[in-house]
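Spelled out from the first residue to the last, the chains are:
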Amino acid sequence: QKEVEQNSGPLSVPEGAIASLNCTYSDRGSQSFFWYRQYSGKSPELIMSIYSNGDKEDGRFTAQLNKASQYVSLLIRDSQPSDSATYLCAVNNYQLIWGAGTKLIIKP
Amino acid sequence: EAGVVQSPRYKIIEKKQPVAFWCNPISGHNTLYWYRQNLGQGPELLIRYENEEAVDDSQLPKDRFSAERLKGVDSTLKIQPAELGDSAVYLCASSPRGDTEAFFGQGTRLTVV
Chain A
47 QKEVEQNSGP
57 LSVPEGAIAS
67 LNCTYSDRGS
77 QSFFWYRQYS
87 GKSPELIMSI
97 YSNGDKEDGR
107 FTAQLNKASQ
117 YVSLLIRDSQ
127 PSDSATYLCA
137 VNNYQLIWGA
147 GTKLIIKP
Chain B
7 EAGVVQSPRY
17 KIIEKKQPVA
27 FWCNPISGHN
37 TLYWYRQNLG
47 QGPELLIRYE
57 NEEAVDDSQL
67 PKDRFSAERL
77 KGVDSTLKIQ
87 PAELGDSAVY
97 LCASSPRGDT
107 EAFFGQGTRL
117 TVV
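Just so you know, the protein sequences line up as chains A and B, in that order.
Numbers 47 to 154, taken from the working numbering, label the letters of the first sequence in order.
Numbers 7 to 119, taken from the working numbering, label the letters of the second sequence in order.
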């Protein structure tokens, strides 16, 4: 059974701090990794894709991938109240497997 | 560029009635997904198409759910008859191919009463 695990949270972070979200996966053959943001009542929205080990930065967001340890993380710098949402991790190896998401709350 | 378009946005039906959802993917996207999402959970795959072929329908409850993607473009998901437990958000997503990121439509919120 291929699995993607995330802490459900909620994760509470002060405004301006760094939010760190983690995801582990079971399928060692996974090739592509995605982070989605989902606001309440809305559809998931892609924010980051990462395909190789290391860091990938896009604005305030950094995705980190470690295939040997089978985890992928998302860092959000200078967290804003508008970042409050559920963050979904998805892992792809010929099929897209989803985590249940981590609820992030940014406190002003 | 237009995104994934789904209709209707909301649907309320009585149990045992049929219901259908429609999805038009992003132009040129070969892969189309239908997901079901319950509150507090991640998307649950119902069916995945590569062009007009259903390549993964292992999670589709085939006794009451059916789907089609004629000509490899838009797609329809049907439930007949609906049950109370089918109440959820039904999401359609598309991607250029199966190993790339997926883009979601706005979803259809189904309530079965």
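If you are wondering where the hints come from, they were derived from the structure by calculation, not from laboratory data.
Bear in mind the structure is a predicted one, so any value in this text is a computation, not a measurement.
Any given hint could turn out to be false.
To be verified - Partial list, computed: chain B residues near chain A (C-beta under 8 Å):
#1 N44
#2 P49
#3 P87
#4 G91
#5 A94
#6 E107
#7 F109
#8 G113
#9 L116
All C-beta atoms in this analysis are idealised placements derived from N, C-alpha and C, irrespective of residue type, glycine included.
Evaluated hints:
no., hint, verdict
1, N44, "violated, 10 Å"
2, P49, "holds, 5 Å"
3, P87, "violated, 27 Å"
4, G91, "violated, 19 Å"
5, A94, "violated, 13 Å"
6, E107, "holds, 5 Å"
7, F109, "holds, 7 Å"
8, G113, "holds, 5 Å"
9, L116, "violated, 14 Å"
In this structure, the earlier hints numbered 1, 3, 4, 5, 9 are contradicted, and the remaining ones agree with it.
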